[in-house]
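Based on the provided sequences and hints, a complete structural model is requested.
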Amino acid sequence: MALQVIGCEVIPQLLAKLMAEGRVVGPQRREGTEQWAFADVKDPCDVDLEYISTTLPAKKYAFPPVEKLLRYELTERPVMEAVVESEPLVIFGAHPCDIYGLRALDLAFSDQNVDPNYEARRSQMRIVGVDCKPDKYCFCGSMGTASPNDGYDLFLSPITGGYVAETVTEAGAQMLEGLPTREATAAELAEVKERLARKIQETSRVNVEVHSLPMLLSGLENSKHWEEHAEKCYSCGTCNLVCPTCYCFNVLDQMALSLDRGTKEREWDGCMLEAFGKVAGGENFREEREERLRHRFYRKYSYLFTKHGRPFCCGCGRCVRQCLVHIDPVEVLNDLIVEAEGRQG
Amino acid sequence: MAATCQCESNRQLYVPKLAVLEKIAPQTPLETLFQFRFEDGQPLGHRAGQFVEISLPGIGEAPISVASAPCEDPVFELCVRKVGNVTAALHNLKEGALVGIRGPFGNGFPDDCLKGQDVLIVAGGIGLVPVRPLIHHIMCNRFDYNNFTILYGMKTPQEMLFRDEIETWQASDAVDLRLTIDRPHPDWSGHVGVITTLFPDLELDAPKTRTVVVGPPIMYRFVILECKNKSLADENIILSLERHMKCGVGKCGHCQINNKYVCLDGPVFTYSELKHMWEAI
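Residue numbers (the numbering used here), protein chains in the order written: chain A, 7 to 351; chain B, 400 to 680.
Honestly, the hints are just simulated from the structure, not real lab data.
Check each hint, because a few of them may be wrong.
Some chain A residues close to chain B (C-beta under 8 Å, calculated; not the full set) [said to hold, decoys possible]:
no., residue
1, 51
2, 52
3, 84
4, 121
5, 187
6, 282
Per the computed footprint, the stretches of chain B lying under chain A, defined by three or more beta-carbons under 8 Å from a beta-carbon of chain A, are [stated by the list, open to error]:
no., stretch
7, 475-487
8, 649-659
Every residue gets a Cβ at the ideal spot worked out from N, C-alpha and C, and that includes glycine.
Right, here's the structure in full:
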């Protein structure tokens, strides 16, 4: 691990260098809005490192919204072959929450059966992280995700006039090669630390330590709060789509108009959608909104948490930021915490 | 993520293997038994109670229980109800057609815990399909098991699957087969009533009995209640559950029941596992 300082003016140079080597994506403002999206960088000046949050997380590059899994030809003897697409890619300017989200997906997609498509994309990915300024929806402090432990090559922490650049991999060190850098001073490192402490304080909004959530949730399956919060849910699935740690998908065959070939594709699916738990014949195993909301919360804060040893929520706040009816995971969790504490008496 | 897993078998995770449709045996107006053999002659290598994903390129993929016993390899059978896109298209195929198969997936029935015991199978409707391999297996290795009883319930006599086999089983001393239909029907002279009405006459040696239950969701609760009335232990009540497994390999999330994936941890569970899972039935 090395800590260096680069000036703000070095960022375009760094981007230009990376762009000369291959595809780079980064956060860019949608013109005239307070919204940002990760997109291919065409001009280094388009990258806005002071963004709040992107609509979709960086996961879309490891696990695209629609992805080909197979290609087939409907000849007399059908030919079916795997499609595993990937290319070297630099994600520039990922926030700690997005980096954490990708680490969680790494665990999910490599568990028991390694997913070839995810693995291929991910193994060619390099990540330049950047620290952020939280808004009122962020709760990374509560999830323990305010700063990344791993999953990046280079991490930029803003300081006055520039960034402290931390390189943790060979690839990260190579990114800075040939660029003007200097060693960080003690005061600059203190500034980074102080900034992080402030962020953690501002974003610690769930009223319990994160590792106690799985235990706390056991016994709360019949809580009235599921219905209370789900009552306003439109079952639109937006929270699933914008979530960095959601990875459920549907699998569909797409036949070409020529009817002699096609592809099998997967597309993002969501457990909040009404049809998600349906089986042939019409039985729906999660018919009610509160059942679906409860399932989503148990998946994030209990099932996958217990299985992989970390919450499957990165506290990015995208779900509530995009929610049409403001279902806030912090409010839901805090309601549940009050109920659990009441029971303990 | 470590770039260590780009081996060929991993790359093939979602690629089906071609199998030839060798025989078509209609069972009812809705259900048909299809027999397949892999093009390369390899056996499916499944255990009773497992499922495969059948793929019709251009139409889609569907999870289907294997209906034949492992000892019948290298041919294997799927008994399919015409209910969705894939299953309807399958019913239009002719013998000799090629389909894609992925699997087998899931855990299957726990044969070790059935061996040497009394086995009671309770099947409702097409619930007979997933237990058929187990029935075949027990009938082929009959001396490995003690008393063997099958309860099979249908709505109407027209829904009866595997009629020839049922006649054979009825005539056999090796199994005590009891049939019922839900409501009286002019073509039926046997027992009438839902499947639980067959329980009062059963004489079970509770500690030695292992019960396997497969049927529509509505059936489970009532059958479990009858099993409890007969003092069967929760861990000896074995159930196979239905979900729409879209990937079969523990990723897509569709088959999740609480913290379990039906495609990896199931579809077979004991009641002692399920009774704490509020999403199970």
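Violations among the numbered hints, reported as their numbers in ascending order: 1, 2, 5
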